[in-house]
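Chain residues, written in single-letter form:
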Amino acid sequence: MHLYARYIRTLLLTAVAVLFFVAGFTLTIDPYGYFGTPRITGLSRIKPASATRNRTVKPIAMARINPRTLILGNSRPEVGLDPASPIWPKAKRPIYNFGIPGAGVSEQGRYGLLALSKQSLRFVYWGVDFVDFMADRRSMKYCNRSSATVKVVVPKSSTWKRLKDTTLALWSLRAVLDSVWTVLSQYRPYSANRTMLGFNPARDYWPTIVAEGQGVLFKEKNAEVRKRLFGQGLMLVGKGCNWSSDFEALNEVLEAFKAKGIHVVLFINPYHVDYLNIIREAGLWQQFQTWKNYLAEIARETGSELWDFSKLDPRKQENVETLRRGQALQWFWEPAHYRRALGRLMLSQMLDGFDSIDVPVGVRLVP
Amino acid sequence: MLFNSYEFVLLFLPAAWIGYFMIGNRKGREPAIAWLVAASLFFYGWWNPIYLVLLVISMLVNFLLGESLSRSHERQTKRRNRRVLVLGLAFNLGLLAYFKYTNFFISSVDAALGTTFNLEHIVLPLAISFFTFQQVAYLVDASRGMTKEYSFSHYALFVTFFPQLIAGPIVHHGEMLPQFARRGALRPRLAHLSVGITIFAIGLFKKAVLADGVAVYATPVFDSALHGGDPNFFFAWSGALAYTFQLYFDFSGYSDMAIGIARMFGIRLPLNFFSPYKSTSIAEFWRRWHMTLSRFLRDYLYISMGGSRHGSTRRYFNLMTTMLLGGLWHGAGWTFVAWGGLHGFYLIVNHFWRWFVETVVPWHMPNNRLTRAVAWALTFLVVVIGWVFFRAESFDAALRLLAGMFGMNGASIPNAIAARAGNVFDALSYLGVTVDYSSGTRFLKSYFWIGVLFIASIALPNSCEIMRRVRPVLSGHRCAPEDAIEPLRLLKPLLVWQPSRIAAILIALVAMTALLSLSEITEFLYFQF
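Going down the list, the protein sequences come from chains A and B. Per my numbering, the very first residue in the first sequence carries number 1; after that it's consecutive. Per my numbering, the very first residue in the second sequence carries number 1001; after that it's consecutive.
None of these hints come from the bench; they were simulated from the model. Zero decoy hints are in this set.
DSBU-like mimics (lysine-lysine), calculated; alpha carbons at most 35 Å apart, straight line:
#1 Lys260(A) / Lys156(A)
#2 Lys227(A) / Lys311(A)
#3 Lys1445(B) / Lys164(A)
#4 Lys151(A) / Lys260(A)
#5 Lys258(A) / Lys311(A)
#6 Lys258(A) / Lys151(A)
#7 Lys161(A) / Lys1445(B)
#8 Lys260(A) / Lys292(A)
#9 Lys1445(B) / Lys219(A)
#10 Lys1445(B) / Lys227(A)
#11 Lys1148(B) / Lys1027(B)
#12 Lys292(A) / Lys219(A)
#13 Lys221(A) / Lys1445(B)
#14 Lys151(A) / Lys311(A)
#15 Lys311(A) / Lys260(A)
In silico contact screen, one side only, chain B against chain A (beta carbon under 10 Å); selected entries:
#16 Arg1189
#17 Leu1193
#18 Ser1194
#19 Thr1198
#20 Ala1208
#21 Ala1416
#22 Gln1498
#23 Pro1499
#24 Ile1505
#25 Leu1506
#26 Ala1511
#27 Met1512
#28 Leu1515
These numbers come from a predicted model, not from an experiment. Note that the Cβ used here is the ideal one computed from N, Cα and C, for glycine as well.
Modelling step: build the complete structure from the supplied sequences, incorporating the hints.
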């Protein structure tokens, strides 16, 4: 019997020790950036796992930064606009990149409204995407602007959810494995990462570029975009309609920003020529132009600026076919995602007064 | 409530255990049994309290019928005994047929006759297949005078005892109830607790870490086939093998947990799994897979139909019928019937082959490592093919996946791997292997998981073998050496549990790894049957 008592005692003590060790380890490494533990070079500076918990971690990280300027949108501005770029004037710092991969217009808006509770917020740069406004609208709910009733609401933060998230970030096998992966990734040249300011440096494109060539990234993305844009019933607004839930969501969030005196700069993300060709081949070019008109109308009404970076110029026509393995285009990762270099030129134009560009990368549609 | 949930492990189980022994010590056996029944009903009702109504009605009716059968057996009134038994079988099978098979029957009639009969969807009550079979076995045993029960609370405990209520092992009344009546059964024993926790931890690890870990590589492949995709050779095999191991670790993990929890209460349950993927014949596979169901089908169906007593043709017919019904028991769908039929066919071939080599072949068949390896490989292959029907949601999806597995949709590997494979890919491309643009990481991870689980299920001792010093189950599994492969036989003596400090530390690590992985809770596959 003594043996069994010792067995159970050792088992319980080990279990408690494991709990403490796991909590200490995950808290120190903080693989998702959830706790805001200082990033230690060689141990936890690069956070490859944070990309998998964007929706949970970014609101917390944003609150921690308490930004004066916010970058909103999907993965494109997240990859393209660097909040740490020296081009940002001091008056607009700190900046937080709240780009969320895969987020639609309403969701992007919700994150914007969440940041609205921060007293320091003064400027918003919101990158919008044509595809986010396209949907199968054969059965429309919101059709006419006069009857639109969309409400973009920020879900209430519950203590239970926060407790659950915190527990999982501290005590889950996933968090332990991600912590180990984080430590190992410090020594890998191309680990994925999210910076403290929410930026995605897109380092994880490089292994493919080096081993397979950038052409593969273009091939995959073109196939994905083609599949999406050739989808059935894809429309900006339904037949006989003049409005959509996406436009209403955008309008509503911009109104909220306006009411708080926040200056909003809307911008249409740049596309590589491959992307624009697919829009044209899918027969959506006219709708693409109509979309811009809608945006301009909304921007004017809500007192926002609107920039269009989708106009073709030589930067968007680089040829990926001529590249060898290990070589990359200067301005694009693949047809949908532009590089930080192009983002910097966009910022130069939008911030007005920094750098001079011989060939402008975009035009201001609404001042 | 799921075994693999925090509320079960941290709240329900400790409360049920403490309550049982505390009440047992203070108030005696009957209140303790009543407590366990109440706890088990709470456990069952956690999913949906409405299910409790059916369970309680089923128990009440079967208890009364069982009582009547026992009395008629004692009084030797055979005719009455037979009538009551027929009534009991009709009641149980009628309930099962209504709740589990009505929708299937109507949709099959619609498909065959082009009719459009429509019925409100009937919700399948949880565990109905298990508690129905358990009670059918009880009625048959009672009619034969092999068991009797005149206390409803004892009968209710036999049916609802929460470790085995939802997905087995299917126990006999005579196996379990006498254990609760043993002297000293109401005193908590550290030995039982230690053994129970250990087996439970192994089971939880199998389910939460291994089965759920590999599941993500099975689902997309079957989904792709369901939605009209034509999976290529490597993709199709990754899905079929991932499911093969997911199902095994899921269900054997569940059985281990059930055995471990029961043991914490001082109760030994029957063995349900014994390394089935080590089998060198399909007959041996069925002696090791879901053993309590196989026992039920053998004792109450196959033997009742005559078994092998009326010649080989009748025997093959009985085998096929048993396996078809076994397939249908698993799910109301034609893919399950096909799976059962396939295994019926395998068993017939198995018996025919045995007869052939024993009576027709003039020389003695060699029994060495090579022949065992060939027999094992063939058995494993046909089992995997069977699982494709078992998992696929339609016939079409199963056939698409099988076409992929037999190379009819070509073979390709992700470009990311081909680009890094150098000359190896050049050699593969001579064999017709091409590239695709799917994820290389996913491809590698899926085959890594499959490799690890393959070794674990083929080479490592099972939980019953690891715990053999403390008699973990009611009765072990006996087999001849040629019935299974043992690639790492030398490991067996090293991996035998004893209550040492090292074992405690290792089991704590296993348990904590499993507990920490419960953040994304998934249901057990066998709950749907």
